[in-house]
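Asks: Below are the chains, spelled out letter by letter.
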Amino acid sequence: MTDLREPETGAPGLTVSDLTIRYGDTEAVRGVSVQVRPDETVAVVGPSGCGKSSTLRAVAGLTPVAGGAIGLGGRDITHLDPARRGVGLVPQDYAVFPHMSVAGNIAYGLRARRLPADRRRRRVAEMLELTRLTELAGRRPGQLSGGQRQRVALARALAVEPDVLLLDEPLAALDPQLRGGLRRELSAMLSSSGCATLIVTHDQREALSLGTRIALMREGTLVQFGTPRELWEDPADAFVADFLAGAVLLEAERSPDGAAVLDGRWRIPAEDLGTGPTGHGRTRLLLRDDSLTVTDRDDGAAVTARVVHAEFVGDAVRLTVDAHGHVFGVRVPPDARIGRSVSLAVVPGRATLLVPAP
Amino acid sequence: MTDLREPETGAPGLTVSDLTIRYGDTEAVRGVSVQVRPDETVAVVGPSGCGKSSTLRAVAGLTPVAGGAIGLGGRDITHLDPARRGVGLVPQDYAVFPHMSVAGNIAYGLRARRLPADRRRRRVAEMLELTRLTELAGRRPGQLSGGQRQRVALARALAVEPDVLLLDEPLAALDPQLRGGLRRELSAMLSSSGCATLIVTHDQREALSLGTRIALMREGTLVQFGTPRELWEDPADAFVADFLAGAVLLEAERSPDGAAVLDGRWRIPAEDLGTGPTGHGRTRLLLRDDSLTVTDRDDGAAVTARVVHAEFVGDAVRLTVDAHGHVFGVRVPPDARIGRSVSLAVVPGRATLLVPAP
Amino acid sequence: MAPGTARVRLRTPPPWTAALPALAVIGLFSAYPVAVLVGNSLGLGSAPADGGPTLEHYADALASASVRESLAASALVAGVAVLATLVIAVPVVLHQARQDRAGAGGASTDALLTLPIALPGIIIGFFAIVLNGRTGLLAPLWEGFAGLAYTLPGLLVAYVYFSLPRVLGPLRAAAAGLPHSLTESARTLGASKARVLATVTLPLLLPALIETGGTAAAIALGGYGTVATLSEGIRLLPLDVANALTTGYRLAASSTLAVLLAAMAVAALVLGRGLGRLVGRAVAS
Amino acid sequence: MAPGTARVRLRTPPPWTAALPALAVIGLFSAYPVAVLVGNSLGLGSAPADGGPTLEHYADALASASVRESLAASALVAGVAVLATLVIAVPVVLHQARQDRAGAGGASTDALLTLPIALPGIIIGFFAIVLNGRTGLLAPLWEGFAGLAYTLPGLLVAYVYFSLPRVLGPLRAAAAGLPHSLTESARTLGASKARVLATVTLPLLLPALIETGGTAAAIALGGYGTVATLSEGIRLLPLDVANALTTGYRLAASSTLAVLLAAMAVAALVLGRGLGRLVGRAVAS
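Chains as they are written, first to last, in our numbering: chain A, 1 to 358; chain B, 1 to 358; chain C, 1 to 285; chain D, 1 to 285.
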C-alpha cells in the first residue's frame, strides 16, 4: 500500500509484484516478484514455512495482501473477490466436494457461472476426457483413489478456463510409491491443458521436473527465479545449491593455474576444473556428490577431511565428510576401504568453477 | 499352529519363523521368516500394505500370531505378554508420554521393572548422554522438535536394555528436508547402542542406508532377505529391482557373443555387458537408469523405444521409454534433442548380465 | 508363573462377551425400568389395582382431550423451538469456525455461549416470568408482553434459550470438522458466499444438524423445569405425567403417560440419529 | 460493478466487531435475564415490593435451615452422583475405544448406551418410584427397598442414571483421542495393564474427566424433573426455587434462590472447565 512503484499488472499471464503478506506482526512474505507467462509452469519451491503457500493463497485471494500487486491476464486482481479472479485452485487435500459426483464436481464452477446446460455438459465431457475420468463420471469421491481425486480437482479447476492454475503441493497427499508415476501423469496433463500454472512444492525433484521455471523461496523472500538449468548450474547461493542438488558452493579465488578454496588451504589445478559463467558476481566452486573422490595424493591439490558418516546408497557408499568446517558428500565405490579421515580430490571435469562474466 | 516344523526360536537375537498373521479372513502376513543377529540392524521394507508393520507388531506382542513362532534371546516369545518380551518399541508417532518430562519418559520402563532409584538415575543419565538429550532432561515433550522426540522414544526403549529394538517408520513423521540428517544421526546412535534392531520402512533409501540386512516384503510374503549389496546386485525378481533401485530386470538368453532380451528382438554384444553371479536360477539382464544411452546406431544391438515422458532431474533429463511393452528409464544429457522415439543401446560396462552359478 | 498364564489374550472373542460390561450398564440402568414401566402401562403391574394385559390405559389417555392437547403442544414446542435454535446456531458456529481458523481465539466467547447449559430449566422458566410474566419487566413496554411467558410464543422463546447452549457444542464440532479448503475451492470456482453456503456448507452440515436437532428435541420434550415454572399457561406432556403421579397414586395411568413421553423423546433422538446417519451417507459417500 | 465494491474484506477487523453476532446471541439470551434476576435478588427489582439495594434476601435465604439443608443436599447429590457416574463410565468408554480399534463396531451398543439421554428427568424419578417407592416393585425383595427412592441413596442412584448418558458421549470422544501407541509403548516397556491404566491412561484422561464431570454436575444440580417426582423425600434446591415461586409470588425472595441455584450450577461448569484446562495444560505440555 505504501509502495510507490507502479506495479506491473498489465502483462498477460500472472504477475506478482513485490508481494508482502503479514499475519499479525510477522511478515510471512516480503517483496516477492514472480511472473508466470501463459503456457508456462512456474514451480515455487522452498522448505516448510518459507511463504510459498501464502504466496499461492494470495494469488487465489484467500489471504490478504499487505503490499505489492497481483495481476492476471492484464487485470489488477490484488484486492478482487476470489470468485471473480479467474484462477483455478487445486488445494493440497484436493477439496473434492464429497456430496457431488465426479461430474457434479467438475460442473460446479460452470453452474456458478450460469453456463447453459448444454454447454456445461459439453465442457464437463471434455474435462472428463482430458483427465481420463469419463468412466468414473458418476462416482462419488469417497470411492476414488488419491490420484483420481487429484484428477477431479484438476478437471474442476480447468473447467472454468482459468487464467492461471494454482496447485498447492499436488503430490504430497499421495502414497510415496506412486508419486513418481503420478508426477509424470500430472506433468502430461498440465502440458496438454496449455494453461499458465503455478505449483507450490517443498520437493526439489518435483520442482525440477514440473517447472519450466523455478522460484526458490526462503524465509519469506525470493532467493532465485529462473529455469531449472539456471538454478542447477548457477545457484545464487549455497542455500540454493544445497536445497536443489545437495551440492556445496564454496567461495573461490581464481588464479592462472587453478582455484583456491577454503581460504587457500585447498588448491585445485585448472586442468581438473570445468568452468561456467555466473550471474551472481563472485567466483565460487560448485561441488556435487560426484565431484569429489578419495585419493592417495597428499599434495596441495587434495584436502584432508574427517569422515562423519558413511551410508550405503545402492551403487555407492555416500560419505559425509567435514573439511575445515564445511560438510561435503562424497560417493565412493561400495567396496572402498575408508578410514576415519580421507584425502579428497576433484574428479577431473566434475567440479565447476563459476566465474563472473567479464 | 498347524505348522509341524520345529520353529527355531533358540538362537540369540530375534528369530521370526514362518510367521502368519490374520485379520479376520485376510492373511496380512504369510510364512515370513527373518532373523536379526545381535549387533545387527535388519530393515524390513516394502510398499504400504505389504505386512511389514504387522510383522513388527507381532514381534512386540501387539498383534496376535496365527501361525509360526517368534524367538528372542533364546526364549520362545510367540504368545508372551508384551510386558515380558524384552523388546524396545519406537512407534511411528514416537508415543512419547506427554505428561512426563524427558527424563520421566526414559525412566518409565525402569520404574515398571522396579529398578532401585539410584540405578535408575544412573541408567537415565546414560541414555540422556547417548541420545544427547541431557540438557533437555527436564523438558516436556510438547516443547521438543520431532527429531528430539524421536530421540526420547529411542532412549526410553533402549533404557530397559531390550533384546531387540523395534523401529516403526522412524523417519516418516519428520520434515522431509531434515530426514537425511536425522537418518545419519539415527544410524550413528543405533550403531553405538549395539542392540539388535528391526526397522520397518517404506523408503528404499532408508532401508539401504540403515540396514545391515534388508528383508523386502510384498503382499504379506518375504520376497528377498539379504545384505543391501546382495539385493542391489542380484535382485530376486523384477519387483525387487524396481522397488530398490528403479531398475529393470529382463529375462535374457546368453550366447557366446552376448545376450538376447525382449524375446530375441534385442541382442546386446558381449563386450558391452558386465556379468555377475545370481542365486536366483535364471539368466537375466539388470538395467539401471544409467545403463542405457540414446544412440544413432540402428543395428540389432540397439532397440527402438517410444518416448513416454521426459523430465528434468537436474544434471540430466530422465526419459521414460517403452520398448516392446517394457518401460525403462534412460538418462540423457539435459541438452540432448529427443524425438518421439529413440534408439537405445547399452552403455558399455553399465548393464549387468546375471548368470546362474554353474 | 506357569507357562500359558502369561499368554496374550489377543484372539478376538465373540462380540457378545466383548460387549458385556457395556450391556450390563444398559440393563441395570435402562432396560429393566423401561420394561417395568411398559409392563405397568399395559396393566401387567404387580399392584393389586392392575388386572392383567390390557391396552385400556392407552385408550383412556388418548381419549382424554387434555392429554391429546398436551401431546400436540409438546411436539409443537419441541419441534419449532429446536428448528429456531438451529437457525440461530448455524451462523454462530460458522462464525466461530472462521474465528478459529483466523486464530482469533474465541475461547471466551465460546465459554459464554455454552455457559447457559448450566442454567437449570427451572431458572429459564423463571427468566420468562421475570421478563414476560403477568407483571413482568417488559410488560410496561408493550402490553402484549404481559403474560406472554404463559403462551405458545413465550414457551417457544424459553425453549429456544434452553436448547441453544445444548446445540452449539456439537454443531461447533461439526462446523470445525468441515475442511475449509472446500469452501475456499468453491469460492475460487466463482461461487458467491451465499451460493457456497447453500451448495457446500449447509449440505455438508446437514447430517450434524439433523442429529443434533433430534437430540435437542428429545431433551426439550422431557424438560420439566421450564414448563413447571410456567405451569399456569399452556400444558405440556411432562406436566401431565407429574400430575398423574401426584394427584392420586394410580400406577398404570401414570405409567402410560410416562411411556408416551419417553417414547416421544426416544423417537426424536433415534429419528435424528438415524436420519442424520442416512443423510450423512448420502452426502459424504 | 464499480471498482472497489468487489474488494475482498480480508483485513483482520478489530476483535469486538468479529465477535458481534455471537455476543448478540449471548446478550439476548443470557446476560440480560441474568442481570435482571441478580438485580431482583438484590432488591433492585421494579416491583413496588422491592425497596432498593440490599443483601437482606440473601441473608434471609441462608438463615433458613431448610434452604441450607437443600443447598447441602443438592451439592452432595450432584457431586457424589457425578463421581459415581465417572467411575462407571471410564471402563465403559475404555472398552468402547478398544472395540473401535478392533473394528468390532460398537455402533448399536453405543446407541443403546446414550439413548437414555432422551429420558426426561421426570421419567427417571418415576423409575425410582416404580422400583423403590413405598409400594415399589423391589419392596417385597427386601424391605429396605421400600421408600429407598426418597432417601439420599435412592436420589443418588437416580441421578447417576440421569448423568450417565450425558457423560458417556464426551468421555468416549476423549478416550478415542488418546493415541493407542501410548499404552502399547508402555506395555512393551514392561508395565502391567493396571500400571498402564494408572500411569498413562487415567492421567491423560483426567482433564476430560474433570471438565465432563463439571458439566454433568451443573446439569444434575439444576435437574428438576427427577427431584420433583421424588419431592416427598429429601429436598433439593430446585424444589425450593419452584416453591418460592408458586407459594406466593415474592419476586425478590424467589430470585435470590434462583440466583443461588444458577450460581452453583454455573460454578460447577466453570470450575470443571477451568480446572480441566489447567490440568490438561499440566498433563500435556
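Source of the hints: derived by calculation from the structure; they are not laboratory data. Mixed in with the good hints there might be a few duds.
Covered stretches of chain A (in silico footprint by chain B; criterion: 3 or more residues with CB under 8 Å from a CB of chain B, positions within the stretch not fixed) [said to hold, decoys possible]: (1) 125-138; (2) 171-178; (3) 181-191; (4) 226-236.
Over 10 Å on every C-beta distance to chain A, these chain C residues come out as not near it, computed from the model [as the list claims (entries may be wrong)]: (5) A63; (6) A72; (7) G79; (8) L112; (9) G147; (10) L204; (11) V270; (12) A282.
Selected chain A positions facing chain C (in silico; Cβ < 10 Å) [as the list claims (entries may be wrong)]: (13) V34; (14) A60; (15) R75; (16) D93; (17) D168; (18) C195.
Cβ coordinates follow ideal geometry from the N, Cα and C atoms, glycine included.
Asks: Please go over all the hints and tell whether each is borne out by the structure.
Replies: Hint check results:
no., hint, verdict
1, 125-138, "violated (count 0)"
2, 171-178, "holds (count 3)"
3, 181-191, "holds (count 4)"
4, 226-236, "holds (count 3)"
5, A63, "holds, 47 Å"
6, A72, "holds, 35 Å"
7, G79, "holds, 26 Å"
8, L112, "holds, 24 Å"
9, G147, "holds, 47 Å"
10, L204, "violated, 6 Å"
11, V270, "holds, 24 Å"
12, A282, "violated, 8 Å"
13, V34, "violated, 19 Å"
14, A60, "holds, 5 Å"
15, R75, "violated, 15 Å"
16, D93, "holds, 5 Å"
17, D168, "holds, 9 Å"
18, C195, "violated, 14 Å"
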